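Protein chains in written order, with this note's numbering: chain C, 1 to 105; chain B, 1001 to 1638; chain R, 2001 to 2171.
Please keep in mind that the hints were generated in silico from the structure rather than gathered at the bench.
Treat the hints with care, since some could be wrong.
Restricting the straight-line Cα-Cα distance to at most 27 Å, the calculated cross-link-like pairs of lysine-lysine (DSS-like) are [what the hints assert, rightly or not]: (1) R:Lys2089 / B:Lys1615; (2) R:Lys2089 / B:Lys1609; (3) B:Lys1615 / R:Lys2164; (4) R:Lys2026 / B:Lys1615; (5) C:Lys93 / R:Lys2165; (6) C:Lys93 / R:Lys2026; (7) B:Lys1536 / B:Lys1550; (8) B:Lys1536 / B:Lys1463; (9) B:Lys1615 / C:Lys93; (10) R:Lys2164 / C:Lys93.
The structure displayed is predicted, hence computed values, not measured ones.
Each chain, letter by letter, is given below.
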Amino acid sequence: MIQNIPLSYYLIISTLMFFIGIYGFLTRRNLITMLMSVELILNSVNINFVAFNRYLYPQQLQGHFFMLIVVAVAAAEAAVAIAIIINIYRNFKSIDVENVDEMKY
Amino acid sequence: MADYTYTLLIPLIPLFMFLLLGLTGHKMKPVVSGLIGTSGLGIGAILAYATAIRYFWTGHVAGTSYASIKAFEVSWLHLTEKLTIHLGVLIDPISVMMLVVITTVSLMVHIYSIGYMKGDPGFYRFFSFLSLFSFSMLGLVLATNIFQMYIFWELVGVSSFLLIGYYYEKPSAVAASKKAFIVTRFADLGFLIGILMLSFNTGTYDFQTLTDPHGPAIASLGGAAFMGMSVLTWSLIFIFVGGAGKSAMFPFHIWLPDAMEGPTPVSALIHAATMVVAGVYLVARLFPVYALAAPDALHVVAWIGGFSSIFAAVIACTQTDIKRVLAFSTMSQIGYMMLSLGVSGFGGEEGLGFMASNFHLFTHAMFKALLFLGAGAVIHAVHSNEIKDMGNLRKYLPITHITFLIACLTIAGIPPFSGFFSKDEILVAAFHSNKILFAIEYIVAGLTAFYMFRLYYGIFWGKKTHYHHTPHESPLVMTIPLMILAFGSVFAGFLPFHNLVTSDGIGFESHIDWMIAIPSVLIGVIGIAIATVMYKNESAIPDKIAATFKHLYNWAHRKFYMDEVYLFVTRKIIFRYISDPIAWFDRHIVDGTMNGIAGMTVYAAYAIKGLQSGKLQQYAYVFVGGTVILVLIFVYLT
Amino acid sequence: MLNQVMFFLFGAMIVIFSLLTVTSRKILRAAVFLLFVLISTAGLYFALNYNFLAAVQLTVYAGGIVVLIIFSILLTSHVSERAVMAPLKQSLLSALATVAGATLTLMTILRFTFVPSSAADPHFNITDVGNALVSYNRDGYALPFEVVSVLLLAAMIGAIVVAKKEKMLKK
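Using the sequences and the hints given, assemble the complete structure.
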């Protein structure tokens, strides 16, 4: 049933998603939306893992577990990031990334 | 052959005391640290006496020569098969004699310092430095090879530096310590060159090999010549330059008067009895090489010694600081010893000068240490170094007065004090070798008697000086060393030195030559008489004479302007034409390069620090853009 | 045929909603668009016949992370607030870099011919996945599993400490 769709299509979709995520990361000013862009990027990588697993090594489970571990890491990252963002909000009364530039020369 | 390995302890105990006092002394009570240092030296002195008695009498088979024994030796630096540096202990007549001299004087000075330095905040520091000095000096005389001697030679210089600059809050003391260190260090450069030349040509550092009269070292030398003298002669002259620096011979004498800035016990130990005779010891140690292979070098030694002795004696007559008078007197007496070595031959009766030099070294150590310690007691009582602040002290300081008088009589060569015997031997040796030097020594003998009694009358007789508080005699801990040394000064002359310390280890018969001795005693008495007339009571004669010979007096008073000559040479010539260009090069070219690099770094940092904007998205943008460019380059353009 | 339709449907949804996520000026709405993207991704996994992964995607991502994000949005900004967009210059430059990167990657992907495995469709169920996850044999994943558990624990503690109020810390 997968023969109808080439692997490249999955890769194209994940690539587009990845770079849209990067675009969001570079342009959004709100820290939470930047975090959402990061989630997009992680998700696109997951699609790659799963698709490679399915198409090239269907007998094995590496892609599976990579995807599962990335999801776990993403969850951890989101939790910590949001904790940080809330802390920043408390201290700066804003979560605009332009205001959070104390760490410089 | 008897076992002398235990002599290793004699230098090691002071080293241990130095470490102990230096590291933990600040936690001790001052008296405790003083007692510890003194007891260390006491043990060393007992060991040294035991060694001397064993070596010269009990352990020695009568009628044989005194052997040179390597009591202990380890290979310290093994550089190549041929170049190995050893450390060890060499026992022979002169090193045993020096052991006795050093430990005796050092022990006396230690005891004396407990009283003299009382209440000084750096008490433990003083004693740890004294121990360091004793260790270095003992290591120097026990050295088995010339390289070990050089190491301890420099250690002695360092401890002398530390002790002269002991009162480091006083700018003059700091300047004096630096001067002493630099001048002797400069002379040591000659020593080092001499060592390198000598050992390069002989292939050995070892004293026993070097000084063996039939050994390969002496036989193989004397070939190559440079400027009319053999390489060996040059190397020995260079070595003598090092000895002249340490022994304050002309023209390296300028540091000795200034070194009197140190505490008086230090002057007694280092700058009268032990360190300054290191040069004499060095020449004596290498004496067979000098005498057998390079008589020209020996002439240099003799003339430098003779000139220094009269030069210093003349200056000593005009000085008003009592310690400086004694310093110039020391220089003059060391000149005697050098001269005596210089006129000596090798072996048997020929080696009279060698024996006389060591004899005089021995007696001089006793009476000169006594003079310095006595001067210290006077300074302790009066709180001044200047002769004009003193006078009529004989009632206040009876013990110091008597011992000082004994020392003055000894140095003036009045029989039966020890100075008479040793000086007489020197005069005999000079008489048989060189009449001009002999005449110089007669003059110096008179001058010595004169200036010593000028000093004596100036301190203990003379005008009635009014003191702010009544001077009082020093405590027993200071007067007992004076009495012991006075005892030594009186009786050391009866030691049969001609049987013990000779150039080839074989004793010979020596008699007092009354044809030479009587005139010398007369000259001494005349010197004393003149001093008595001029200085015993207040009189106008000295000022009149000074006014008559105004220029000569001024010259001598200003030490013949030697310091000024040195300053001129260093400031006007060396600093201006050598040091200044080097300094300019260093400041502008060497430093300039470094400063340029630093400046460029700072400039670059200012230029690029804007990149650290703290703006997250800017960083991310650079990261993404950079990755894209790298992928472009590495995937598509290569 | 149905498979293809599903694929293109989900693919189109992913791309469109991704774009909307990063461009929407209302933050809450952006979060909802992200939710759609994640659900579409789960759809792709279904299409690949990986049901377990699709379920994980739905529960953890869509159910967990997005809810977390929405909560934090509600904590830090008003619903009606309109997000400030980047200046035009920054947007253009970012777009340039992004398009260049995407072009490069796509060119690379398209130049390469992937040969799908000819092996038969796998026959494993959720039990196999679970066994492999806790197995310490050659094909087991016990170690990564443990490491991730520790990471999650650390993240949990870290998040609590970081988000705590100062007053509580002082106590």
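Okay, the hints, checked on the actual structure:
1. R:Lys2089 / B:Lys1615: holds, 16 Å
2. R:Lys2089 / B:Lys1609: holds, 23 Å
3. B:Lys1615 / R:Lys2164: OK: Lys1615 (chain B) and Lys2164 (chain R) at ~26 Å, within 27 Å.
4. R:Lys2026 / B:Lys1615: Given pair Lys2026 (chain R), Lys1615 (chain B) holds - Cα atoms ~23 Å apart, limit 27 Å.
5. C:Lys93 / R:Lys2165: holds, 14 Å
6. C:Lys93 / R:Lys2026: holds, 19 Å
7. B:Lys1536 / B:Lys1550: Cα-Cα ~23 Å, so holds.
8. B:Lys1536 / B:Lys1463: holds, 8 Å
9. B:Lys1615 / C:Lys93: holds, 18 Å
10. R:Lys2164 / C:Lys93: holds, 16 Å
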